[in-house]
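A.B. asks: Next come the chains, spelled out residue by residue.
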Amino acid sequence: LAKTTQPISMDSYEGQEVNITCSHNNIATNDYITWYQQFPSQGPRFIIQGYKTKVTNEVASLFIPADRKSSTLSLPRVSLSDTAVYYCLVGDKGYSTLTFGKGTMLLVSP
Amino acid sequence: KAGVTQTPRYLIKTRGQQVTLSCSPISGHRSVSWYQQTPGQGLQFLFEYFSETQRNKGNFPGRFSGRQFSNSRSEMNVSTLELGDSALYLCASSSGPANEQYFGPGTRLTVT
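First to last, the protein sequences are chains C and R. Going left to right, the first sequence walks through residues 1 to 110 as the numbering used here numbers them. Going left to right, the second sequence walks through residues 1 to 112 as the numbering used here numbers them.
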């Protein structure tokens, strides 16, 4: 599984757009990029998954450049409830084992 | 559809004891994975079961074991508890190996 690197923490204010970038230089051809969100004392929650270009759902967008060596999770107009740890994972879509890094602690302030 | 449930939610045990944690996956999900989360090591994969068979195993000592029943419910057991086993134990289920995993709320184990 490719190793990922994310910022340890980020700060934002309510209503702003937040972009969290993840580096994965050794991503393999079959690997997908998946983001999870975790609140304190809760299990992680799937946010979005993509392979290339751009993926959007009702919660977030995922931007993946052509070389796929990085990806950016975009959260539009964050609220206080978006304060959480965000994990970037890279692996074959068929994988059943999730390897979590340290994640990015996002703090949203009023 | 009910989510993944884990019991108990909180548990306090003494060193040397053993503990069994239970996980009920989302109805129809046949894959169940277990993870340990600690402040120092983060989220670490323990093992995964699919159709009652252990399919993958993480790098944990043999004191950690698990099983899955025919109804896909899973249990994990930790024997001879150590202080370092204090952690949040998370269970996740999925409908198949290629699909996203849904996590339960976890069991907070404290070993004293």
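Heads up, some of the hints might be wrong.
Coverage of chain R stretches by chain C, computed from C-beta distances (three or more under 8 Å per stretch; other residues unrestricted) [to be verified]:
1. 15-27
2. 76-88
3. 104-111
Calculated lysine-lysine pairs in the BS3-like style (CA-CA distance at most 27 Å, straight line) [stated by the list, open to error]:
4. C:Lys102 x C:Lys54
5. C:Lys3 x R:Lys13
6. C:Lys69 x C:Lys102
7. R:Lys13 x C:Lys69
8. C:Lys3 x C:Lys54
Worth flagging that the hints you see were computed from the coordinates, not collected in a lab. Computed from a predicted structure; not experimentally measured. Even glycine gets a Cβ: it sits at the ideal position worked out from N, Cα and C.
A.B. asks: If a hint holds in the structure, say so; if it does not, say that too.
C.D. replies: How the hints compare with the structure:
{"no.": "1", "hint": "15-27", "result": "violated (count 0)"}
{"no.": "2", "hint": "76-88", "result": "violated (count 1)"}
{"no.": "3", "hint": "104-111", "result": "holds (count 4)"}
{"no.": "4", "hint": "C:Lys102 x C:Lys54", "result": "24 Å, holds"}
{"no.": "5", "hint": "C:Lys3 x R:Lys13", "result": "35 Å, violated"}
{"no.": "6", "hint": "C:Lys69 x C:Lys102", "result": "18 Å, holds"}
{"no.": "7", "hint": "R:Lys13 x C:Lys69", "result": "45 Å, violated"}
{"no.": "8", "hint": "C:Lys3 x C:Lys54", "result": "21 Å, holds"}
The structure shown violates the earlier hints numbered 1, 2, 5, 7.
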